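> Going line by line, the protein sequences match chains W and B.
Residues in the first sequence are numbered consecutively from 1, following the working numbering.
Residues in the second sequence are numbered consecutively from 1, following the working numbering.
The set of hints was computed from the structure by calculation and includes no laboratory data.
Incorrect hints may have been included.
[Unchecked claim] Residues on chain W that point at chain B, a partial pick, calculated with CB under 10 Å:
id	residue
1	Lys43
2	Met45
3	Pro47
4	Ser101
5	Leu102
6	Arg323
This structure is a prediction, so every number in the text was calculated from the model and none was measured.
Backbone N, C-alpha and C define an ideal beta-carbon position, used for all residues, glycine too.
Protein chains: 2
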Amino acid sequence: MSANFAFEVFHCAGAARLGRLTTAHGAIDTPAFMPVGTAGTVKAMLPESVASTGAQIILGNTYHLMLRPGAERVAELGGLHRFMNWQAPILTDSGGYQVMSLAALREIDETGVAFRSHLDGSRHKLTPERSIEIQDLLDADVTMAFDECTSFPATVEQASQSMTLSMRWALRSRQAFRARPGYGIFGIVQGGVFAGLRQDSARALRDIGFDGYAVGGLAVGEGQETMFKVLDETVPALPADRPRYLMGVGKPADIIGAVARGIDMFDCVLPTRSGRTAQAFTRSGTLNLRNARHADDMSPLDAECACPACKDYSRAYLHHLCRCGEILASMLLTWHNLRYYGDLMRALRAAIASGTLADLVASFHDAQARGGAAA
Amino acid sequence: MSANFAFEVFHCAGAARLGRLTTAHGAIDTPAFMPVGTAGTVKAMLPESVASTGAQIILGNTYHLMLRPGAERVAELGGLHRFMNWQAPILTDSGGYQVMSLAALREIDETGVAFRSHLDGSRHKLTPERSIEIQDLLDADVTMAFDECTSFPATVEQASQSMTLSMRWALRSRQAFRARPGYGIFGIVQGGVFAGLRQDSARALRDIGFDGYAVGGLAVGEGQETMFKVLDETVPALPADRPRYLMGVGKPADIIGAVARGIDMFDCVLPTRSGRTAQAFTRSGTLNLRNARHADDMSPLDAECACPACKDYSRAYLHHLCRCGEILASMLLTWHNLRYYGDLMRALRAAIASGTLADLVASFHDAQARGGAAA
Numbered sequence: 001m002s003a004n005f006a007f008e009v010f011h012c013a014g015a016a017r018l019g020r021l022t023t024a025h026g027a028i029d030t031p032a033f034m035p036v037g038t039a040g041t042v043k044a045m046l047p048e049s050v051a052s053t054g055a056q057i058i059l060g061n062t063y064h065l066m067l068r069p070g071a072e073r074v075a076e077l078g079g080l081h082r083f084m085n086w087q088a089p090i091l092t093d094s095g096g097y098q099v100m101s102l103a104a105l106r107e108i109d110e111t112g113v114a115f116r117s118h119l120d121g122s123r124h125k126l127t128p129e130r131s132i133e134i135q136d137l138l139d140a141d142v143t144m145a146f147d148e149c150t151s152f153p154a155t156v157e158q159a160s161q162s163m164t165l166s167m168r169w170a171l172r173s174r175q176a177f178r179a180r181p182g183y184g185i186f187g188i189v190q191g192g193v194f195a196g197l198r199q200d201s202a203r204a205l206r207d208i209g210f211d212g213y214a215v216g217g218l219a220v221g222e223g224q225e226t227m228f229k230v231l232d233e234t235v236p237a238l239p240a241d242r243p244r245y246l247m248g249v250g251k252p253a254d255i256i257g258a259v260a261r262g263i264d265m266f267d268c269v270l271p272t273r274s275g276r277t278a279q280a281f282t283r284s285g286t287l288n289l290r291n292a293r294h295a296d297d298m299s300p301l302d303a304e305c306a307c308p309a310c311k312d313y314s315r316a317y318l319h320h321l322c323r324c325g326e327i328l329a330s331m332l333l334t335w336h337n338l339r340y341y342g343d344l345m346r347a348l349r350a351a352i353a354s355g356t357l358a359d360l361v362a363s364f365h366d367a368q369a370r371g372g373a374a375a
Numbered sequence: 001m002s003a004n005f006a007f008e009v010f011h012c013a014g015a016a017r018l019g020r021l022t023t024a025h026g027a028i029d030t031p032a033f034m035p036v037g038t039a040g041t042v043k044a045m046l047p048e049s050v051a052s053t054g055a056q057i058i059l060g061n062t063y064h065l066m067l068r069p070g071a072e073r074v075a076e077l078g079g080l081h082r083f084m085n086w087q088a089p090i091l092t093d094s095g096g097y098q099v100m101s102l103a104a105l106r107e108i109d110e111t112g113v114a115f116r117s118h119l120d121g122s123r124h125k126l127t128p129e130r131s132i133e134i135q136d137l138l139d140a141d142v143t144m145a146f147d148e149c150t151s152f153p154a155t156v157e158q159a160s161q162s163m164t165l166s167m168r169w170a171l172r173s174r175q176a177f178r179a180r181p182g183y184g185i186f187g188i189v190q191g192g193v194f195a196g197l198r199q200d201s202a203r204a205l206r207d208i209g210f211d212g213y214a215v216g217g218l219a220v221g222e223g224q225e226t227m228f229k230v231l232d233e234t235v236p237a238l239p240a241d242r243p244r245y246l247m248g249v250g251k252p253a254d255i256i257g258a259v260a261r262g263i264d265m266f267d268c269v270l271p272t273r274s275g276r277t278a279q280a281f282t283r284s285g286t287l288n289l290r291n292a293r294h295a296d297d298m299s300p301l302d303a304e305c306a307c308p309a310c311k312d313y314s315r316a317y318l319h320h321l322c323r324c325g326e327i328l329a330s331m332l333l334t335w336h337n338l339r340y341y342g343d344l345m346r347a348l349r350a351a352i353a354s355g356t357l358a359d360l361v362a363s364f365h366d367a368q369a370r371g372g373a374a375a
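Next up, chain W with everything else stripped away, as it sits in the complex:
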């Protein structure tokens, strides 16, 4: 528990980096994907199964956990790692995004956001100081600054006002953060799709000084091309010696493109949520297991995957479970999807190390195109 919070870069391949982030609860090889454990559980998975997919860090949600079971309760029960039996690193978001997307009767002012719980209507307020305190109570290895996720689309004036508010909150977040060995806090770049605002935001965060830098406000409807353009304009403005985290991203192709642009960390509900709706990511594209064409298919979901869904079961069986709405369908497909993401990140790290990232990108798109044609 005494490791310093540290980030090392071992290799670069163009903008892409192979690195390692060290925290109080262990190290994370980057580029890394963080499965989402919203309410203190990566849905439909035991923690040891999550780890078996290659995940070395998970994300917890401040908004959900503050409402249920409550941050002070988690602290009294020994912190989130102990509560949910996940002894590896945890990153928590700040609650800002969920407050705006889930809570009712939101009132935002300079101090923070007042809102009512989507669960029981109870009144709450999140400020930068309270968000940081909650993340401390949860014992997050990586704390995120409290920000406002700029809505999309937004005019340059709206994006500017939102970004500058987030930068004032970033300073308050940084000041509220309690320094402890092995724990760090990341700032979040905002600014919508506007290069100037993004660069202003990056500069403001660098001036404050954070242990890592996230790019927020993307994957909100702007499309992959625009997202990559914003990354091209933003990432060079971030410190080279700190981890870079692209929040809420994404599809495999999004991750591959963002790694090539210098992003080190990702989180997304896609592999877990898809696993609960019969969607599977495979090396030949995405499959809908509810589709009747799988009913008699004895082949595995993905012949190159070593997860239990692929080793022990046929597509026909997975189809049957999905049609019946069986919990085991969610369990097996979530496991598979997280393993797919884990394997993808492992392959990306190996490709950066061996200087073959361009080959990986080309063969990924070839295989997906062939699979799409076959499906």
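Following the hints, put chain B in place on chain W, whose structure we already have.
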């Protein structure tokens, strides 16, 4: 796959027996509890996790599997063991019970039962011959005769008519059964709560000759006292050298009482269904994990249990999962409940072997009474 279907009794303690049933897919130590795997999955459990609870055999449902994915399809996919990745023995029910409880527009006559699927309204007919054929297609180690589960309450005339129909169907089931090494068929005693009918039924089945004998039509609302009375009147009429199976039973106290009366095999949805509704069986009684008194309780669900739910998590965490409706709640509580049942059967077998069954019964009821007072 070449073992003969055989039953040995090693020890007796009063009416209770310690034995072993050998089948094509392995042996079952008796008294045994069979987790229910209705639609080709023990809900919320991986098969290897089911096995880890001590279960050596599971039950599959003819009615559900004939409708979805279809018996012929399961056969083409290599049988139910391969389809669901459960290589140990499987017993299938005959479909008679579910047709009467789930299907729509049932028409019963001497030939069998015509009905419409509760899933899509499609028309089907189950006869003794088709039920046995389906169980053959599923590759069940233990096939059950097709019967009519007599409704409760029933007059002696109703129970008699129903029982004699089931006995005619039992003969047709026996004749339709395809003999294979390691595979067996059980007859089912009916007769409601009427001792004379039960004994007539047992005699009729013995005259036909089965590999095992089930007691059906109990746990349908008659109460534990009546059920035990029927067992006292029925079990002595069954062959001593064949396994005895009490269908659809039951609570731990039901199982303990039935083992003491000479029953060797049980199945029930209680541990699995309870696991999906926040109910946990423990050595000090049954707990509802949704109850707010667990919210801050750092103690394990059952300190004497070695399952993951008890080893790795607090009651507070399980309470949180149940309140949030998380799939992991169903996964952990189902695992725990099956482990509780597995441990109970193991304790019953040890007590029969060591001649301490009366002590086990007394200490079980003491602990449950103390727990009930504490809860």
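> Please go over all the hints and tell whether each is borne out by the structure.
Cross-check of the supplied hints:
| no. | hint | verdict |
| --- | --- | --- |
| 1 | Lys43 | holds, 6 Å |
| 2 | Met45 | holds, 7 Å |
| 3 | Pro47 | holds, 8 Å |
| 4 | Ser101 | violated, 18 Å |
| 5 | Leu102 | violated, 14 Å |
| 6 | Arg323 | holds, 6 Å |
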